[in-house]
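Student: Here is how the chains run, residue by residue.
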Amino acid sequence: MKIEGKRAVWNEYQKDIAADKYFYVRSCVRQNFFPGSETTFLRIMREELGKDIYEHPCHTTCTGIGYHGDIVPIDTMMTVVARQFALMTEAGYENLVPSCITSFGIYTEVLDTWHHFPETEAKIREYLKKATGREFQIPKNLAHASDVIYKFRKEIAAKAKFKLINKETGKPLQVVEHIGCHYSKMFPNKGVGGAEYPYVLVGMIEDWGGEIIDYPERRHCCGFGFRQYLVQANRGYSMSCSHKKFESMEPYKPDMIITNCPGCPMFLDKWQYAIAEMEGKTYGANGQGIPVFTYEEVAGMVLGYDPWDIGLQVHQVSCEPLLDKIGIPYNKEKKYDGVNGQKLGVPEMPVNLKCC
Amino acid sequence: MGKLYDTLMQDVRFEEGLNACINCGTCTAICAAAEFYNYEPRSIVDTVQTKDDEKIIELLKSETIWYCGECMSCKTRCPRGNAPGLIIMALRSLSQDLGYFVESEKGRQQLAVKRTVGQWILDFGYCLYLEGVGTNMHPEQGPVWDWEQKNWKQVFERLGANYKGDGPGILRKIPEEALDEIRKIFDVTGGTKRFEMIEECSKKKAAEMNLNLDEGIGSEYFQHIYSYNNNQHNREK
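Taken in sequence, the protein lines are chains U and R.
For the record, in the first sequence the residue sitting at position 152 is 152 according to the working numbering, with numbers rising by one throughout.
For the record, in the second sequence the residue sitting at position 4 is 4 according to the working numbering, with numbers rising by one throughout.
Just chain U, with the same shape it has in the complex (with noise of 0.2 Å):
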């Protein structure tokens, strides 16, 4: 791969990311799946990087999900945005910062259609104005979490414990990387890198060391679709875009997967476990599956948290294998562990899918 070539198309799509004072929004999805990361990504704000990073406890979903499974009008949706908008004003912040890829999406598309339909802005907030009485400024800033730690992963890597490096090789893991499509296939200047070559999470990954795999099917969906995973019936559509990812991804042998959001991760997680039980087929060494990450369990490997701390463990293929190569150390008999060395028992073990 000529790399040069696309660092050349991606330094076109830069975008200003806030240094300091954010108002975070919490991820519908990333809280329910992944609340380590959420946990890890104020860890790192506040206690590495010694940001202001306030969260308001009366904040919400922005409704995204409801909103694209098609109950939620626009209208509606726009309101409740515009909440969010306020509840960060009356809190003297102006930076955004969402969890959510999703809702990520949502306010950029907001902000969009009120710059190029003012009219629609004003109704929006006569619409606030009757039902809660709130106003608004909007947002300075608005910077997914993924650009933030993107736009602090040096000085990550200049704290970091561990790189993504095979220690008995010394060779870079080989890495894929998967946006998520709301990152910036909709508004692709406000994705660090655009559509084509996003460079939000390799950014991240080759300055902790490790390698970025070019495959076929890098850009295409996880399979989510909203209301294609939300109804039973029309799950196969989900299974079956993780299914030619898995399958476009195999030949590269990838050492592990990052992923920027919230839903990514869990599809690619969990569908891999569900292929191993209905069709037998594993996409790992031995087995087992591709350990998937999100970006702030990767950030929290580096600097050499502990794995069970960020929420390793509530993922369905195991991470394990990953932190052998890296050498980052675990203790096997605390990963299931509650509060205070609360013994929970063990998850049973898939008849297929190898798990440590």
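No lab work stands behind these hints, which were simulated from the structure alone.
Please read all numbers here as calculations on a predicted model, not as lab measurements.
A virtual CB, placed ideally from N, CA and C, is assigned to each residue, including glycine.
Worth double-checking, as some hints may not be accurate.
Claimed, not checked - According to the in silico footprint, chain U covers these stretches of chain R (three or more CB under 8 Å from chain U):
#1 40-49
#2 109-117
#3 150-161
#4 168-174
#5 200-210
Starting from the structure of chain U, add chain R where the hints point.
Tutor: Just chain R, lined up with the frame of chain U:
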């Protein structure tokens, strides 16, 4: 001719999403749904731009408008700056506003989305509710999720959550006054009306299909729309 087209033009997504389509098919080539379903976003855009009300009504009652996964890959690729995904969203909204969605197997599924995601937004402030995503309805979540289900509180506490607690944090309890504001926003902006329309049309359709429909997710009609697939939707390999 053209009244429904005019209605669609009032949706900013439609106005943004449709310039003159040249029928090149790039959207279909990149479309994740077109690979799985017997589906072409190109044809939908072509039909809509005829401005023919009869053809648009046919679309609003069809299966085809429900196949899109809204990944928006089409928006990136269209050489004319169209966004078939946004046009689909406008069509789906109109199909629900006019009650046509219950005329297709895939459209009827809107009740399932409303009674899960929609209800969770109003009750808990987020689109997902941990205890609503069990392996009974989501077997792909696997044994680790089963283990988490048995130990919600302890697992989430271990990972720094404020599960059902006051104040900020992961999976906190959203204050009642905040939920009230969200409900009022739904009332003022048409969200409540959309939900009521989905319920009302679904009840009529359930009666027509001789299937019981009560509240919640347990009754015959809900289970039918959630799990039934006539297996006629997919692209032939």
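Student: None of the hints should be skipped; say for each whether it holds.
Tutor: Results for each hint:
no.: 1; hint: 40-49; in the structure: violated (count 0)
no.: 2; hint: 109-117; in the structure: holds (count 7)
no.: 3; hint: 150-161; in the structure: holds (count 10)
no.: 4; hint: 168-174; in the structure: holds (count 6)
no.: 5; hint: 200-210; in the structure: violated (count 0)
Comparing the model with each numbered hint stated earlier shows that hints 1, 5 do not hold.
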